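*Asks:* Residue numbers (this note's numbering), protein chains in the order written: chain V, 148 to 675; chain Y, 77 to 394.
Among the hints, erroneous ones may be present.
What the hints assert, rightly or not - Sample of chain V residues at the chain Y side, in silico, Cβ under 10 Å:
#, residue
1, S291
2, K294
3, R366
4, E370
5, F372
6, V406
7, S589
Claimed, not checked - Counterexamples of contact, computed for chain V against chain Y with all Cβ distances above 12 Å:
#, residue
8, K203
9, K285
10, D292
11, A421
12, E551
Just so you know, these hints were derived from the structure itself, not from any lab.
Small disclaimer: the values here were computed from a predicted structure and weren't measured.
Just so you know, even glycine gets a beta-carbon here, dropped at the ideal spot from N, CA and C.
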Amino acid sequence: MSKELEYFARKVVSGLMDRRAFMGRAAALGASAVMANTLLSNATHAQEPKKGGHLKLGLGGGESSNSLDPALTLSQAPYNVIAQIGDQLVEVNPEGGLDNRIAEEFSSSPDAKVWSFKIRQGVVFHDGTALTSDDVLKTMQRHSDEKATSGALGIMKGIESMRAEGDLFEVTLTDPNADLAYLMADRHLRIQPGGGIDDPANGVMSGPYRIVEDEPGVRHTFEKFADYWDDSRGHFDSTEILIINDATARMSALQSGRVQLANLIEPKIAELLARAPGVNLERTEGRGQNVFVMHVDTAPFDNNDLRLALKYAIDREELVEKILRGYGTVGNDIPVNIAYPFFDETIPQRAFDLDKAAEHYKKSGHDGSPIVLRVADVAFPGAVDAAQLFQQTAQKAGIPLEIEREPGDGYWSEVWNNKPFCASYWGGRPTQDQMYATAYLSSAEWNDTRFKNEEFDSLLMQARAELDPDKRKALYSQMSYMVRDEGGLIMPMFNDFLDARTDAVAGWVSNPNGDMMNDLAAVKCWQA
Amino acid sequence: MHPVLKLAAQRIALGCLLLLAASVMIFVGTLVLPGDVAQAILGQSATPASLANLREQMGLNDPAWQRYFHWLFGVLQGDLGTSLSNGRDIATQIGSRMGNTLFLAFWAAVVAVPLAILLGLVSVLYRDRWPDKLISGVSLASISLPEFFIGYVLIYFFAVRLGWFSSIATIYDGMSLWEKLNAIVLPVTVLTMVILAHMMRMTRAAILNVMQSAYIETAELKGLSRFSVIFRHAFPNAIAPVVNVVMLNLAYLVVGVVVVEVIFVYPGMGQYLVDHVAKRDVPVVQACGLIFAAVYISLNLVADLVSIVTNPRLRHPK
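The following block holds chain Y by itself, in its conformation from the complex:
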């Protein structure tokens, strides 16, 4: 078997094990939270009688391990179960929420990733001169501000004062692509500002690292232009660490944007998960947790494979 394929297979197997471990941890985590789902659903209006009824109805009286394995076999057959709190099919609900999350993440990535890499290259080109300092200063400032603050500032100026964009990014099926894009302008801007600095700084550092090498000096001595040296010769060797950081940020865009979702009222996975954690809706929390873990693990897998493929030394191990 080709060593890269073998490596990939190993990674995927390891990923599956990790997923399983994550599912156990999430389950245990939901068990140690105070109160159970029946209590959380009924809230202040819970009475002992209604609590007992609801627990009975939801099968909460079975032992925990039994519930866990019951759920796990369901998932393996593609059945995520039904939500305890509103009795709806989880897979259909998550489907549309996941679609929304990916939609937002996709457009944020489309804007942020090329921009970050371009700015990183420009920084190296003008290293320690004002463009470099300006880019670093602005992007570090925007990563240092909490995302809710940036969100509110943008809402105040662009939605309330100027009225250019909508402060509510709710998207739904009946909207055209153009309407959807128009709705998510502000959240995409916020997310771009939040993840830009990380990727930009990493691109800059990785390229600068390569720039110390002897072959770069050769390229320079050949009389190549500075941009061509950076883009054609230095950048390919700096791809591995950059891809790693890009993947981490993409994972963040999928699983970590609940604050942005709340501020802009965006119907994504984060809000969905938080609502159901508050209700102790274990099947939904499990399903979301599993999907998030899968996203993280697979994106990291991609990052690993990309660094192997782009590095001949790893591609042909002795």
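Extracted from the complex, chain V is given alone in its bound form:
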């Protein structure tokens, strides 16, 4: 079997077979998805990367107000910039495991409370100084400091103390956490000299490329950092990011060959793009989710029957088909899916069922006043259309859903996490623990469904400290059922990441953690 699979994998790499077909063949041969994926990425690695050349990326999601400070990065373009110039301790790989980067190895105490990372020797920053465990410590301290307003502040919360000694960096937690190493893979946590405390936005880090020109919202240029420690990365002599926020302009730049990679492909043009000569659509089944959230502590959403009525009244298949044009998967009212480790795939899929919706609606005893759903297109692409489809199916079940369009400006401050029922999105997290802790723990600041359940909280803590995979899986399963059947989340669909590359770029391996190979496209790809 494996010989045949390897043959197919080589075919994929040389472009004679697409990834989807390969996975199909692999399944037919009885290989698990994970095994097939590993094989495929091994085959890709086996192809010798070519050195040299200049790579141009056309990226949406950049603004002239962007900064090089990793703590302040929030959108695609700056994420790609810091991924080229910086390194983390560890990195989540396409198979969902962890790759060591600045950390040469890591381990935890048996109770998962103390974690130690061995810092790689011989890594230098772009200014020529050597990277030490002290730089790591200071970086982590800066991100834990409330004043730095880091996007990673939330995940640094559970840390009691940190220390650096020799080549050792050690983290002690207030409560056990079996996933701490995953937290260290957060994209904001790029190691900076002296932690970047003096000048966080100077762009000096330890990545495979160094920044040459930095014009936020326009272009960023990079050149290969000659002293980079890892030869398997940074194959281009120089790279360039052009910020192209207009989707049509991005596509025409790609088609005319002005850029070789583009992100944020709109589902409605993906099909057309895939057919264009010399252009490849790269589809990544990820964890990004388009959702509707209800506050379970606010009438009328404090009634579980009403919540269930709404959950049954949404036609998920239709939404995936019409809003995502098939580039996505149906959700099941839980914020995690098969892409997450320890996911219980036996949880039954909630189906579109108008009879059940009507039955629950009747049972809820709702007075028939309009149920207002607030929505704006910034919530997710096509959010307004999705809400309208939802409204139509809800009406068939007799639920008086009313749509209120809100301005996109100020949506995240005035509507989301503020009004009782609105559309939103989540980018997903590397682990179930993080996803639940970010938005479903009673004390979470982003608990956008106001889901407060003591039993759930204690299960989460229990799962976090649990090192036995089977027990962990069972705990997460239990929690999933609670959110699914009692929570305020209506989760119609997980959206795929859609990127595109021209034939001039080789070595693409999708990573479900983020688009553009989890921001590493420029770092891992090479000239074809």
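Use these hints to put chain Y onto chain V, whose structure you have.
*Replies:* Just chain Y, lined up with the frame of chain V:
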């Protein structure tokens, strides 16, 4: 004092007052937008704690009038402040963006203004005959189409299909003048098409208006050629309204081309302003608003002065 100088001084003083009023209005405008800069920067990932920190850091807790006057005195000393969202010096950033905007506006004007006036003259020359109708028809059609549509059509044919020009007009310091010009061919074409009709029609109307005068009849009776009558005798008296329209369009080229900038990925002022409005970055919005207002006011000032200078009756008021 010479009456023209006096008039100019009056106009400039009035312009400064207008600018001040504009700065107040922009400031008030940014205050009434929902959410503040801290909220806009942190977006969905805002937590009460990080919000409070950021507000503290940015001095957003001071009263509004205090922030306004603090900023105003800075500007009077040539200091536009630092951007709240990325901590960079605004003056340096605006400097290069403004340079780009002026570069694009300059080349669009160099193409569009002479072309519009020439076409206006030709229209008058062939009034109500097919060249006139053709020129009016084409230019009115191009002004009626939204600029993004014209932009996309040009990109599709000249960048994607034919590959003659770049669909991305990004220019930067290391480029030679020739490379820069090559990059902006398509946006300049779009802008020319958008502003052409307005100026052309005004030239045509103004000259036709003058053509009714008795002295034109005299010129014709003297046996001058029709073109010479229009160009030498009618046009000088039609300059004032034409200059007014030209100035309005030049102002548009500087302050109103954000759509074209987005489509062609051109790093100009419009995109810069829009990015910072979305972030509630008040110092940048103020600075851009002030510069835009200054451009409008000074171009109109020039138009006024030109009409005075070209009109002897205004030049020597009784």
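*Asks:* Decide, hint by hint, whether the structure agrees.
*Replies:* Tested hints:
1. Look at S291/V: its Cβ only gets to about 12 Å from chain Y, farther than 10 Å, so that hint breaks.
2. Restraint check, K294/V versus chain Y: the minimum CB separation of about 6 Å is within 10 Å; hint holds.
3. The closest approach between the C-beta of R366/V and any C-beta of chain Y is roughly 6 Å, which is under the 10 Å cut-off, so the hint is satisfied.
4. Because the closest C-beta pair between E370/V and chain Y is about 13 Å apart, greater than 10 Å, the hint is violated.
5. Interface restraint check for F372/V: the shortest CB-CB distance to chain Y comes to about 21 Å, outside 10 Å, so the restraint is violated.
6. Annotation: V406/V was flagged as interfacial toward chain Y, and the flag holds, the nearest CB pair being 8 Å apart, inside 10 Å.
7. This hint is violated: S589/V has a C-beta 15 Å from the nearest C-beta of chain Y, more than the 10 Å allowed.
8. Remark: the non-interface label on K203/V conflicts with the geometry, its nearest Cβ contact in chain Y lying 9 Å away (cut-off 12 Å).
9. Taking the minimum C-beta to C-beta distance to chain Y, about 19 Å, the non-interface status of K285/V holds against the 12 Å cut.
10. D292/V, annotated as away from the interface, has a beta carbon of chain Y within 12 Å; the closest lies near 9 Å.
11. The claim that A421/V is not at the interface with chain Y holds, since no C-beta of that chain comes within 12 Å of its own (minimum 16 Å).
12. Distance check on E551/V: its Cβ is at least 15 Å (rounded) from any Cβ of chain Y, clearing the 12 Å threshold; non-interface status holds.
In the structure shown, a violation is registered for the earlier hints numbered 1, 4, 5, 7, 8, 10, in ascending order.
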